[in-house]
Amino acid sequence: MDPAAPKPKENMGEPLPRVDARLKVTGQAAYPADLPTANLAYGALATSSIAKGRVTKLHLDDARSVPGLLDIVTYGDMDKVEKPKFGNAGATSIGPLHDRTIFHDGQIIALAVAETFEAAEEAAQLIRADYEEEKPSASFDSPGTKTIPAAGKSPLFKEDVKAGDFDAAYAAAAVRIDARYSTPTQHHNPIELFSTTAFWQGDQLIVHEPSQNVTGWKAELARELKIDPPNVRIVSPFIGGAFGSKGPMTPRTAIVAVAAKRLGRPVRCVTSRMQAFGTQTYRAETRHRIRIGAGKDGRITAFAHEGWEVTSRPDPYVVGGTSATGRMYDYGSVLTHVSLVQADRNTPGYMRSPPETPYVYALENAMDEMAVALGMDPVEFRRINEPKAEPIGKKPFSSRSLIQCYEQAANAFGWAKRDPKVGAMRDGDWLIGMGCATAIYPTAVAPCAARVRLTSDGDVRVQCGSHEIGTGVRTVAAQMASERLGVPIDKVTVEMGDSSLPPAPVSGGSISTASVCSAVLKACDAIRAKLSAGATAEGGPLAGSHNEELDLDGGKIAARGGASAKIEDVFKAMQIGAIEEYAEFAPKGATPEAVKKLYAGQSEFHGGDQDEDSVKYAFGAEFVEVRINSYTREIRVPRIVGAFAAGRIMNTRTARSQLMGGMIWGIGQALHEATEVDRRYARYVNRDLQDYLVPVNADTRDLQVILVPEVDHAVNPAGVKGLGELGNVGTAAAVASAVYHATGKRIRDLPIRIDQLIA
Amino acid sequence: MSRISAPSTTGLSRRSFMTATVSAAAAAPLLSSPTRAEKPAATRSGLRETVAVSLRINKQPYELSLDARTSLLDALRDHVGLTGTKKGCDHGQCGACTVLVDGKRVLSCLSFAVMNDGKEVTTVEGLASSDGKLHPMQQAFIDHDAFQCGYCTPGQIMSAIGCVNEGHANSEDDIREYMSGNICRCAAYPNIVAAVVQARDQARGT
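So the protein sequences, as listed, match chains A and B. Under my numbering, residues -5 to 753 are what the first sequence spells out, in order. Under my numbering, residues 349 to 554 are what the second sequence spells out, in order.
The set of hints was computed from the structure by calculation and includes no laboratory data. Wrong hints could be hidden among the right ones.
[To be verified] Just a sample of chain B residues kept apart from chain A, beta carbon distances all over 12 Å, derived: (1) Ser402; (2) Lys467; (3) Asn518.
[As the list claims (entries may be wrong)] Between beta-carbon pairs, the in silico distance windows are: (4) B:Gln408 to A:Tyr69: 58 to 66 Å; (5) B:Ser402 to A:Asn5: 36 to 44 Å; (6) A:Thr95 to B:Glu520: 49 to 57 Å.
Ideal Cβ positions, reconstructed from N, Cα and C, are used throughout, including at glycine.
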C-alpha cells in the first residue's frame, strides 16, 4: 500500500489525488505574483534601522536619481487613508506611514517604485533616515516593558479559566512539580514571499496578494481607502504556504494600492525574505509556570498554568492557550493566568496552532515530568487522568478518542519495548530515547456561503471564496460535490481565492474543511431536492415515486424501488439546462448577525469551548524516538508515529499529508526554529532561511500517521473536525520527553539544541 | 562560449522579442503591455544600460535585453513570462528557483541572466511532452502527494531530476541528503523521497 494514500476506514473518504495536482507539478498554478499584469511597475520597501523613536528627516535625493525611478511613497502620502485596524482582518494598528513614530525595527518608512525590479531595489536601498532614537525594550526582562493581564484584552481570550480550590489541593498533594518552560520567537517563513500587486480600473481596485481571508481583506482595505467594498477585489487563487501569516492583512497592501493610484499603473511589491520578519506577523516568545499536584495513585488533584506572552506596544495580541490546557485532563482543581508583556516589537499574529503549540508543549512536558516523579508510565499516567467531562464547565466532549489514539500509536511504535530507565537504551555511539505527548486542537466552524451549479451534461461548478493554502480544501470541496451529486470528481470544477466569489471565513483555526463542506453540502442538497422534484413531477421520468427516497449516483437519479433515470432526462423533462443553488451555512448556535457578518468579512467561530451543549476538540497522540550522539550530542529524530482522530476524514491522502507536515513542523519546534532577538536593539538577527532553521528533507526519516476512525455528528453537518493544526501540537513535548529518557536532562526551553545537552 | 553582446548588435526591438516569446511559448502569460512592447528596450528612457542575452529556454531561442543585474530567475519570470519557477528567498537558501542549466541543477536566483548567455535552460514548463504527457518525476510527485501548497514544487521537481541524473539517488538516505537544499515548508519530505524513488526506478527501467 502507498503510505501517501491510506485505505479509508470507517467514516473516511477516498484518497483521491488533489484536483489541482497537475497545475502544481507543471508550473501552471498561478500564485498571486505570477498573475500576468500589463504595464507593471515594481515596488521595493525601505524599512527602519531602529526599533523605537521618530524619523526626523528622510534623505531621498540619492534614490530619486536612480534611472528608472518613478515614485516614492512615504510620510504625508497616506494622509487621506485611514490607519489600519488591529483585529479581525488587520494585522496591526500601526500605520507605518501615517506618522513618523517608529514602533519596531524594520518598520516601513517608504516604498520606492520603478520601471524595473532592479531599479526599485537600488532606490529603496539608497533611502536614508535621520532618527530621534530611544532605547527599545526587546522582550521579557527588558527594562521598560509593561506587563498586563491578558483576559478580556481580546475577544478570543475572555477569561482565565479555573475550577475548585487549587491552592488547597496543591498543598495537600502527595507528589508535586513546579516548573518553568519557554518557547522562542518564530516566523512562519512560507516559501512564497509576501507580495502585493495592485491596479485600478476606474474606481475599481484589484489586488493580487496571497491571502487566507479575501473577504475580510476586501472589507478592511475598503475601509482604509475609504471606498465601497464592492469596488475592491482581492485575488489569491493559489497560496504558497500560509500557516497563519497570510490571515491578517498588513499595512503594505494599502501603501501599494496608493502607489498604483498615484502612478495610474499597476504596481507589484514583493517583500524580501529579510523584510518579512519585521513587516509581517510572527509567533511571539512565551513563558510558562506549571504546577501539578497528584496522589501516589497518579490521579491529578491540582493543576496551575501561568503564561506570559510578548506583544507590541499598541496591540494586545494574545493566544491564551490555557483555555485548552485547563480542559485537557481530569485535574480536580484548575488555576490559570495569562499575562501580556508589551515591548517595542511588531505585532505578533496567528502561527499554526497559535495557542496550543506553546501552551500544550509546556503542559505535556510537565506531564512527562510528573509521570517520572510518580514512577509511572507516561501513557498510563494520561489514561488515569482521562476525563469524563472537561473540568472547567463540566461539559461533555462531543467526542474524545484520545485513549484509542494512544493505544494505536503505542502499538505501532513498539512502546512496550521501551526500557523506562533513563539512558538504558543505546545503539553504538547513539543514545536512544523514547517519548510521547498528547495533541489537542479545538474544533470550530464558521458561517460560509457557496454556489454550486449542475448542468444537464453532468458538469459541476463549485464557487466559494475560501483559500487553497495547501490543505486540499479545493479537493475536498470537489469530493463533497461529487459525492452528493453523483458525478465523477473530474466533472467538478472548484473556484476559490477571489473576493468576488460567495464569501467564506478566514482559512484559519482549522475551520475550512468543516465550514466549506457544510456550505457545499447545503447547496448540493438543494440541487438534489430540485432534481428529485423534477423527476417525480407529473411528466417526469420517475413520476409516481416519492421524492424523499431518491438517490443520485453515476449520473443517474434512482428511486428506492429500483426505477432510475438519467440526470439529463430529468433536465429535459424540466426544460432547463442547469440548476444553480446559492447556499449560506450558519453553524448551530450562530447569532442572528452571523451571516451578515460573513459578508462584512468577519468570521464568527463556533465550537471549541464556546458551545453550550459540549466542548469540541480533536485529539491525537505522538510518539518519537530520538538518537543523541554520545560524543557530539547531535540530536536526530529517526522515527515518529502519530495517531489522530478528527471525525469524518474527507480524503485520507490530504488528511495524512497535513498531519505529517504538522508533525515535521513539531520536530522543527523542538529542535530547529527560533528567531533570535538582539536585546540591545530589539532587532531580529537571523532574518533568512540560512540562519532561521527549519526542518529539511534529511531531518525526517521514518514517519507514520494513523487515522483513527471517529464519528461525531455534533460538530457540524459535515461531521468534520479540522486537522491542519493538530499534527504539530504535542510533538515538541514528545521530543523533550525522549531527550530526557535518553540523557536524563530535562530541557524546558525550546528549541532543544546541542549546547543544552553539553552543559 | 560566454559572450555579452552590446544591445545594438541584436537589433531586436522589444516587440520582436515578445513575438518570439509568443510563438515559442504560447501558453506562457505575457507580462508586458502593448505600450511597453512598442518601445525598444535598450533605449527605454531613464534606465541603466541594458545588455543582450541569448538563451535557449525549453528548447526555444530567446533574445533578451536586460539590466545587467537581472537574475536568471527574474529574467524567466518577469521578462520571458515563465512564472513556474518560483522566488522563495532570492538568496540561494530555499531551492524554489531551481532550474536545469545545460542539464545541471542551478539556483536561478544566484545566477545573473548574462552569465547564462548561450546556455540551455530547462524549467518546469519544459518537462511535459508536447502531447501533455507528464515527465515521470511530475507524475511521481502527484502519485505520492509530494506537495501541499505547491509553491516549492517546481524547484523540488527540477532538483529531483538533477539529483537522479547526478547519480545521487541511489538510496533513500542519499535522496534525503541531496534534496535537502530544497525547503518544503509544508514538509512533504517523506512523500518527496517516495516520489524520487519511483521516478528513479522508472528511469532505470526497474
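Query raised in the report: Is the hinted range of 49 to 57 Å satisfied by the C-beta distance from Thr95 (chain A) to Glu520 (chain B)?
Result: holds, 54 Å
**Report entry** CB-CB spacing for Asn5 (chain A) and Ser402 (chain B) relative to the 36 to 44 Å hint
**Finding:** violated, 59 Å
Requested in this report: Classify the label on Lys467 (chain B) as holds or violated, using whether its beta-carbon is more than 12 Å from each beta-carbon of chain A.
Outcome: At roughly 20 Å from the nearest Cβ of chain A, Lys467 (chain B) sits farther out than 12 Å, so the non-interface label holds.
Query raised in the report: Taking the beta carbons of Gln408 (chain B) and Tyr69 (chain A), is their distance inside 58 to 66 Å?
Result: 47 Å Cβ-Cβ, so the 58 to 66 Å window is violated.
**Report entry** Given as non-interface: Ser402 (chain B), partner chain A, CB spacing beyond 12 Å
**Finding:** holds, 20 Å
Requested in this report: Test the statement that Asn518 (chain B) is away from the interface with chain A: the closest C-beta pair must be farther apart than 12 Å.
Outcome: holds, 15 Å
Checked against the numbered hints above, the structure violates hints 4 and 5; every other hint is satisfied.
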